[in-house]
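Since chain U is already given, all that's left is putting chain V on it; use the hints.
Residue numbers (our numbering), protein chains in the order written: chain U, 68 to 404; chain V, 68 to 404.
Bear in mind the hints are in silico, worked out from the structure with no lab data behind them.
Each hint should be verified, as a subset may be incorrect.
Any copy will do: because identical chains look the same in the list, a pair fits if it lies in one copy or spans two.
Below, in silico cross-link-like pairs of lysine-lysine (DSSO-like), each with a Cα-Cα straight-line distance of 27 Å or less [said to hold, decoys possible]:
1. K345 <-> K392
2. K194 <-> K79
3. K387 <-> K147
4. K147 <-> K394
5. K284 <-> K394
6. K147 <-> K346
7. K102 <-> K147
8. K194 <-> K102
9. K308 <-> K284
10. K147 <-> K128
11. K268 <-> K128
12. K128 <-> K308
13. K284 <-> K128
14. K293 <-> K79
15. K244 <-> K345
16. K289 <-> K244
17. K284 <-> K244
Quick caveat: nothing in here was measured; it's all calculated off a predicted structure.
There are 2 protein chains.
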Amino acid sequence: MGVLILNRNQIKQVIDMRQVIERVRGAYQLKSQGKTVIWPLVNYEFQDEHAAMDIRSGFIKGEQLHGLKMLNNFPENREKGLPPFNGVMMVYDSNTGIPIGILDASYITCMRTGAAGALGVDALARKDAASLMLLGAGKQAPFQIAATLLLRPAIRTVYITDPVNFGQAQAFAASIKEQLSADFGIDAAGVSFIAEESLAKAVSQSDAIITVTPSRKPLIRKEWLKPGTHLSCLGSDMETKQEIESAIFTGARVFADDIPQCIRVGEMEIPLQQGAFKKEDIAGEIGDLLSGSVTGRENDTQTTIFDATGLYILDLVAAKVAIAKAKETGIGIEVDM
Amino acid sequence: MGVLILNRNQIKQVIDMRQVIERVRGAYQLKSQGKTVIWPLVNYEFQDEHAAMDIRSGFIKGEQLHGLKMLNNFPENREKGLPPFNGVMMVYDSNTGIPIGILDASYITCMRTGAAGALGVDALARKDAASLMLLGAGKQAPFQIAATLLLRPAIRTVYITDPVNFGQAQAFAASIKEQLSADFGIDAAGVSFIAEESLAKAVSQSDAIITVTPSRKPLIRKEWLKPGTHLSCLGSDMETKQEIESAIFTGARVFADDIPQCIRVGEMEIPLQQGAFKKEDIAGEIGDLLSGSVTGRENDTQTTIFDATGLYILDLVAAKVAIAKAKETGIGIEVDM
Numbered sequence: 068m069g070v071l072i073l074n075r076n077q078i079k080q081v082i083d084m085r086q087v088i089e090r091v092r093g094a095y096q097l098k099s100q101g102k103t104v105i106w107p108l109v110n111y112e113f114q115d116e117h118a119a120m121d122i123r124s125g126f127i128k129g130e131q132l133h134g135l136k137m138l139n140n141f142p143e144n145r146e147k148g149l150p151p152f153n154g155v156m157m158v159y160d161s162n163t164g165i166p167i168g169i170l171d172a173s174y175i176t177c178m179r180t181g182a183a184g185a186l187g188v189d190a191l192a193r194k195d196a197a198s199l200m201l202l203g204a205g206k207q208a209p210f211q212i213a214a215t216l217l218l219r220p221a222i223r224t225v226y227i228t229d230p231v232n233f234g235q236a237q238a239f240a241a242s243i244k245e246q247l248s249a250d251f252g253i254d255a256a257g258v259s260f261i262a263e264e265s266l267a268k269a270v271s272q273s274d275a276i277i278t279v280t281p282s283r284k285p286l287i288r289k290e291w292l293k294p295g296t297h298l299s300c301l302g303s304d305m306e307t308k309q310e311i312e313s314a315i316f317t318g319a320r321v322f323a324d325d326i327p328q329c330i331r332v333g334e335m336e337i338p339l340q341q342g343a344f345k346k347e348d349i350a351g352e353i354g355d356l357l358s359g360s361v362t363g364r365e366n367d368t369q370t371t372i373f374d375a376t377g378l379y380i381l382d383l384v385a386a387k388v389a390i391a392k393a394k395e396t397g398i399g400i401e402v403d404m
Numbered sequence: 068m069g070v071l072i073l074n075r076n077q078i079k080q081v082i083d084m085r086q087v088i089e090r091v092r093g094a095y096q097l098k099s100q101g102k103t104v105i106w107p108l109v110n111y112e113f114q115d116e117h118a119a120m121d122i123r124s125g126f127i128k129g130e131q132l133h134g135l136k137m138l139n140n141f142p143e144n145r146e147k148g149l150p151p152f153n154g155v156m157m158v159y160d161s162n163t164g165i166p167i168g169i170l171d172a173s174y175i176t177c178m179r180t181g182a183a184g185a186l187g188v189d190a191l192a193r194k195d196a197a198s199l200m201l202l203g204a205g206k207q208a209p210f211q212i213a214a215t216l217l218l219r220p221a222i223r224t225v226y227i228t229d230p231v232n233f234g235q236a237q238a239f240a241a242s243i244k245e246q247l248s249a250d251f252g253i254d255a256a257g258v259s260f261i262a263e264e265s266l267a268k269a270v271s272q273s274d275a276i277i278t279v280t281p282s283r284k285p286l287i288r289k290e291w292l293k294p295g296t297h298l299s300c301l302g303s304d305m306e307t308k309q310e311i312e313s314a315i316f317t318g319a320r321v322f323a324d325d326i327p328q329c330i331r332v333g334e335m336e337i338p339l340q341q342g343a344f345k346k347e348d349i350a351g352e353i354g355d356l357l358s359g360s361v362t363g364r365e366n367d368t369q370t371t372i373f374d375a376t377g378l379y380i381l382d383l384v385a386a387k388v389a390i391a392k393a394k395e396t397g398i399g400i401e402v403d404m
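Okay, chain U solo, but in the shape it has when bound (with noise of 0.2 Å):
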């Protein structure tokens, strides 16, 4: 049986935002009608390299579609001149179990991110919002703007905040709207993008934000929200991340993309454990707002709240569209397991 395998460069061309972002919305969809299996996320942190690695897998009945992926986060291959980011995913016919891709996890993982926060954005930012803020200058932003952007053309300035290196955050502004015409057709001719160095400054002039950092320090504080704000919380999938302050979550309506996963290891994990906000407090899952059968923002100035740790069934239907598009014209080779 042939086998078709995709490295990050094949994939690039064969993806394309817009397909990908409505994937995400019905995937999610899907799960909130109980048919998606999410199985149990695997992680681990190898201490003598400073590096991280998770597994994540599941299930989507009907697209008869599962697998795996497992992404490698070794930040100190920087320094060896290596790609810091690795992984590869694989698809399997859930009618047989037969394997029928073998991707780069890389690529397809940035897709779904990006279409994942931005649904988020577009199902819970006020609609009038005109300002998004990105937390965290790295290689999530480009495609949470892209996919942003799409949803909400609205949208007329960025600010992009780094908390580690603000030069990144300026050598982003100054090139993103190439990279968006580039890699993703879009044209952000009319948007700004600024790079802010002062977090409290960019969050108090921003009614959307996305937060795509690995802290494990909450970085933005309540007291500079203004009124009404969304926030797509990406960054933190495993233990002990946090990227917003706890009494955050106080009050605000708060979406999660698995409410055990996020429970467990998503944004919402030390404000439970801190006791701001309560279990009983999360208004549903993001496939439920999606699907219509729980109400998203109830009013203009109500905080809202995404907490997304990243489904692997999102990249099965991300990897699906690869897949399809490739076959279609010729890319990537086809083994034989």
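For chain V alone, coordinates are given in the frame of chain U:
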């Protein structure tokens, strides 16, 4: 970077049972020294498809290898003319998190499982053991026999039993000598292979027994065993599986491949629940025995049990053998991930 891809046939060409046995022995010993990490097993049953999958993963320090495999067991594939057993494994360099190999997992799983069962026999069966019984004449049986004959050349009689298909046991007994020669380079001219329909009779004539069925009810009764028999139990690797009567554990000297995993999904799961023996009665892990830190068999009349649920670290070391040989001989393809 180039990732080596090896399919089942290529692995079969480059892997050698003698090397795998020694590497598996080494992996068990490293585990006993605390130099390995077994990550949590993820498994799932596909109800509609009457199928199952499991994900095993782990890390070997020193060897600096980590990775995972996904195995899919879809028995109904046989009716579709498709292989019932599929899987892929991934091997990563733990210094960099970069993938080095993507391999068909099915042949490596068989090889390392054969080595595991045989190491249990070799370490625990009486020194004068001359007869072996296989419970289950399926795909695992040739690997168990090959590895056991390599470690215990004094074995003269091998009983083949199969609880669901005696015809398969007969066909197996008729062809195994040829397969041992062709696939493993083993001359078994002096060994008698006997298909035995009566399980009671085969058990009562065997010094060592290896169980490799997916049974969910105990098949081997305590009353059939002669004094001093060793049992390597490999079939039970998921909740509720059981191949031998719980009472056999009472008074036996019991080793596990990994104590927590065996308690959860191994042959000992149900005996422990039923109170036939207690956690404190587990003598140790097989790695402790192979390292010499725990005594094995204490006398010639004691029943000994090796409960092996399967450890991904064994696949890793077996894959290392295959990857090294494949690179040396130019087998397989390298893809740029």
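Hints that the structure is at odds with (numbers, increasing): Failing hints, ascending: 1, 2, 5, 6, 8, 11, 13, 14, 15, 16 and 17.
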